[in-house]
Amino acid sequence: MNLVTWGLALWQALLYVALAPLLVGWIRKVKARLQNRRGAAIWQPYWDIYKLFGKEARMAHTASLLFRAAPYLVFTATWLAAAAIPLVATGLPTAAIADVIVIAGLLALARFFLALAGMDVGTAFGGMGASREMLISALAEPAMLMAVFTLAMTAHSTNLVSVVEHQLTNLDLLQPSYLFALAGLVLVAIAETGRIPVDNPSTHLELTMIHEAMILEYSGRHLALMEWAAQLKLLLYGALLANIFFPWGIARETTGGALGLGLAVVIAKLALLGVVLAVSETVLAKMRLFRVPAFLNLALLLALLGLLSHVILEVGA
Amino acid sequence: MPAALLCAEAALGLALLSAVTSLFSLRVPRVLRLLATPLIGLSGLAALTAGLVALLNGHAATAELPLGLPWLPWQIRLDALSGFFLSVIGVVILAVGIYAPAYVRDFEHSRDSLPSLGGFTGLFLTGMLLVVLADGAFVFMVAWELMSLSSYFLVAFHHDHAANRRAAYLYLLMAHVGGLAILLSFGVLAAFGGGFGFDAMRGADLAPGWASGAFVLAFFGFGLKAGLVPLHAWLPEAHPVAPSHISALMSGVMLKVAVYGFIRLVFDLIGRYHWQWGVAVLAIGSISALLGVLYALMQHDLKRLLAYSSVENIGIIFMGLGLALLFLATGDERLGAVALVAALYHSLNHALFKAVLFLGAGTILHSAGERDLEKMGGLLRRMPWTGLFFLVGCIAISGLPPLNGFVSEWLTFQAALQVWQLDSGVLRSVVAISAAMLALTGALAAACFVRVYGVAFLGQARSRAVRRARPAPLGMRAGQGLLALLCLLLGVVPTAFIGVLSEVPRQLLGQGLTEATAHGWLWLTPVSPQIASYSAPLVAATLFVTLALGLWLLGRGIRRVRRCGAWDCGFAPPEPGMQYTATAFAQPIRRVFGLLFHIEEGVAQQPDGRRRHFLRVHDRAWGLFYLPVVRVVENAARQVTRLQSGSVRVYLGWSLITLLVLLWIIA
Numbered sequence: 001m002n003l004v005t006w007g008l009a010l011w012q013a014l015l016y017v018a019l020a021p022l023l024v025g026w027i028r029k030v031k032a033r034l035q036n037r038r039g040a041a042i043w044q045p046y047w048d049i050y051k052l053f054g055k056e057a058r059m060a061h062t063a064s065l066l067f068r069a070a071p072y073l074v075f076t077a078t079w080l081a082a083a084a085i086p087l088v089a090t091g092l093p094t095a096a097i098a099d100v101i102v103i104a105g106l107l108a109l110a111r112f113f114l115a116l117a118g119m120d121v122g123t124a125f126g127g128m129g130a131s132r133e134m135l136i137s138a139l140a141e142p143a144m145l146m147a148v149f150t151l152a153m154t155a156h157s158t159n160l161v162s163v164v165e166h167q168l169t170n171l172d173l174l175q176p177s178y179l180f181a182l183a184g185l186v187l188v189a190i191a192e193t194g195r196i197p198v199d200n201p202s203t204h205l206e207l208t209m210i211h212e213a214m215i216l217e218y219s220g221r222h223l224a225l226m227e228w229a230a231q232l233k234l235l236l237y238g239a240l241l242a243n244i245f246f247p248w249g250i251a252r253e254t255t256g257g258a259l260g261l262g263l264a265v266v267i268a269k270l271a272l273l274g275v276v277l278a279v280s281e282t283v284l285a286k287m288r289l290f291r292v293p294a295f296l297n298l299a300l301l302l303a304l305l306g307l308l309s310h311v312i313l314e315v316g317a
Numbered sequence: 318m319p320a321a322l323l324c325a326e327a328a329l330g331l332a333l334l335s336a337v338t339s340l341f342s343l344r345v346p347r348v349l350r351l352l353a354t355p356l357i358g359l360s361g362l363a364a365l366t367a368g369l370v371a372l373l374n375g376h377a378a379t380a381e382l383p384l385g386l387p388w389l390p391w392q393i394r395l396d397a398l399s400g401f402f403l404s405v406i407g408v409v410i411l412a413v414g415i416y417a418p419a420y421v422r423d424f425e426h427s428r429d430s431l432p433s434l435g436g437f438t439g440l441f442l443t444g445m446l447l448v449v450l451a452d453g454a455f456v457f458m459v460a461w462e463l464m465s466l467s468s469y470f471l472v473a474f475h476h477d478h479a480a481n482r483r484a485a486y487l488y489l490l491m492a493h494v495g496g497l498a499i500l501l502s503f504g505v506l507a508a509f510g511g512g513f514g515f516d517a518m519r520g521a522d523l524a525p526g527w528a529s530g531a532f533v534l535a536f537f538g539f540g541l542k543a544g545l546v547p548l549h550a551w552l553p554e555a556h557p558v559a560p561s562h563i564s565a566l567m568s569g570v571m572l573k574v575a576v577y578g579f580i581r582l583v584f585d586l587i588g589r590y591h592w593q594w595g596v597a598v599l600a601i602g603s604i605s606a607l608l609g610v611l612y613a614l615m616q617h618d619l620k621r622l623l624a625y626s627s628v629e630n631i632g633i634i635f636m637g638l639g640l641a642l643l644f645l646a647t648g649d650e651r652l653g654a655v656a657l658v659a660a661l662y663h664s665l666n667h668a669l670f671k672a673v674l675f676l677g678a679g680t681i682l683h684s685a686g687e688r689d690l691e692k693m694g695g696l697l698r699r700m701p702w703t704g705l706f707f708l709v710g711c712i713a714i715s716g717l718p719p720l721n722g723f724v725s726e727w728l729t730f731q732a733a734l735q736v737w738q739l740d741s742g743v744l745r746s747v748v749a750i751s752a753a754m755l756a757l758t759g760a761l762a763a764a765c766f767v768r769v770y771g772v773a774f775l776g777q778a779r780s781r782a783v784r785r786a787r788p789a790p791l792g793m794r795a796g797q798g799l800l801a802l803l804c805l806l807l808g809v810v811p812t813a814f815i816g817v818l819s820e821v822p823r824q825l826l827g828q829g830l831t832e833a834t835a836h837g838w839l840w841l842t843p844v845s846p847q848i849a850s851y852s853a854p855l856v857a858a859t860l861f862v863t864l865a866l867g868l869w870l871l872g873r874g875i876r877r878v879r880r881c882g883a884w885d886c887g888f889a890p891p892e893p894g895m896q897y898t899a900t901a902f903a904q905p906i907r908r909v910f911g912l913l914f915h916i917e918e919g920v921a922q923q924p925d926g927r928r929r930h931f932l933r934v935h936d937r938a939w940g941l942f943y944l945p946v947v948r949v950v951e952n953a954a955r956q957v958t959r960l961q962s963g964s965v966r967v968y969l970g971w972s973l974i975t976l977l978v979l980l981w982i983i984a
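Chains as they are written, first to last, in the working numbering: chain A, 1 to 317; chain B, 318 to 984.
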């Protein structure tokens, strides 16, 4: 661990922040094309955030100090979680700070404050959003942990860099645990990032909102941070899926060539994931809220099957 | 006599002194506030010192109390395990001692009996301290009963409500059933060891069948006291009805005394392990954790909710103990030590954050006279310090970084993830399933405490008394603040504490955590640096620095933000009655996990002819476990009444027969 690797780790963390709006813009563009629209430029999310930062932030009379602190906390915790997931290179020291359980914990911390902020003003929609978000996360978080534990147990480490390294050297695509964990984590990612069919990020119907209902009262820079944190979370899950399950191309040395290749490869993988997400959002309809637990139970079941098939079939063999 | 034991005896003496001085509060009510409660705090400080010295010393010290019978002297012993639990008890008592003077002031002008409050509190503390110091089954049982009996009177303190008397009776009954099982378990050990001293029991050469018998009895007895499912149903009845600082002691500390008893008996006295025991403890622990948090989510009485959440946390502690038993039974002492440390660390953490939360509930009760979540709201603005400390408690109990609850859950996960080292596929899948249940429990606990904090402290007040709540007095804030600060410290620099804690497995199992701080104090690496590492100081520092930078750069310091009416999608201005209630918040979860609850819901006709919707969520343990037992006991009692003929001669005959049978058994 020297200055170069720490510098690279910082660079990768900043890369997360910089790339997050681009992924959302890309998904929106592809979706618009699939719906026979031209759609906004893929840079539009950057302009939105820039615009929001320029606007004045207002708060309701009934809002407390927590309401003001929450956007900063949510953004920071999400960012910290993202920084521990290898995006471009594996040999970085940030991964030792936080293993995969800490990443789940930091995401839960962000969600905790997001839900509290939703309840702070004391409106009906805020409470509704918080209640639904906590239901979804209560089922999605264990599924995520189970899916990642499967890989962690294969690699004998909960450190994500070790998991990626292990996947690179001895990956068997037809292992049942690998397939189950992948399927489980995909379902979790959809639920946790508030995409169709669990939540609709572009909804304008109050009663169907989950994430939007919690940030309804935010404006200006507060809203910008909340939106940015949500985009960051999407990128985080994208990177998690792309780099753990399909780790090829990630930079294992800190040379310029390897890093450039790693960046290009990860952008290509994320772009592909974006297309898959856009297509699935185009062909699927949003579910009723009480169908969502069935969806998440499936995720939990798949993840648990992955873990069990690993500990029963693969460990002894 | 070593300094540690001297401090421990001072703690015992101060607690007793507090009990004696509070008798004077019958004439002068101020005595309780000004003398008896501060003495409790001093006793806590002495216990904390004794415990820490014993932990750092690294060897056990024994002494004899000038009490007891000539042939059964009261031996006390202070080793690392007792020292650890002594400091857990001490630190919570210290905080309660700081908090309580302001709280008991409320009782000075009521009709409640002050001497009984102060006296039984002192005896209760003496009992708890003596349990962890005891070095023989005889002292242990005397102290145990002292603890149970005196806390019965504290549970029955507000005895003018019939429901409270019922809860207290149930508590007494359960305490005695549990005490009986523990006594029998000691009996088995004493029979093989040839004495009531723990030294003799340690040397006992138990036959495997008898060892399992002793284990089952101990698990039942201590599990009953600790509130494991399905024996837990008394706990949420009894703990909330005591005065709040006593609830904090009961939930935060007394349950830990039961955990101590279990560890002492199983890991130290029996000292041999079977994997079946580990599976049983792990399974019961997982079920307790999950059901505890689900039932907590269904409560709207704040103190009752906290009591159910104790069931959850005790479940997590027993999961750690179960893992430790499993690893020890398969001969892996290193992983056994990791799992044991996880359980011990969670015991300490739960004592701290549960006391913060119970003291917070007491403050709300003191300031607003309210325990019902449905009538709270907006308390953060009325009492900002209490609100801040309560938030720390909520984050810690939800197991979120960078606070202490996360560290111990992380350690438990790490122990569970080492399961690939076990040989049996069945055991591996049992552990994997319990890890899944722990993950589910953690996520549900976060939902539960978002609900508590959001409904009680955020939004708008739902009742008049809460709208006019006063900020808490300084003493109450200080007591709570001390514990909240410790929650933060234990979360941010866990390596310092785990290094000290690893003395316990070193003395108990002969194996400490050698690798826990292999890369320095910044990195917590319980198994080995390659397997997992967590740098709590760096996570916390980055979190706080980025947060401060963000607030400073973007928020430009504490610049005023203009206020306006709530937007709420342009509907009518929000009123307190339009907010989500605690019941509404939990409705989706109630629906998803509906099978686990006994739900009564419907519309009832009121006496005045109006109709009202009602919803009651009952504990299934009553119908499935408690009531059948009650029925069996009642039937048996009815059978026995046949012996009652009313004639003295028949009774004398029965006595003679009993005597003969007993003589025959002995001979």
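What the hints contain is simulated information worked out from the structure, not anything from laboratory work.
Note that CB positions come from ideal geometry on N, CA and C, so glycine has one too.
Treat the hints with caution; some may be incorrect.
One-sided and incomplete, this derived list gives chain A residues near chain B with beta-carbon spacing under 10 Å [unchecked claim]:
(1) Thr-62
(2) Leu-135
(3) Pro-201
(4) His-222
Hints that the structure is at odds with (numbers, increasing):
Going through the list in order, the structure violates hint 3 alone and respects the others.
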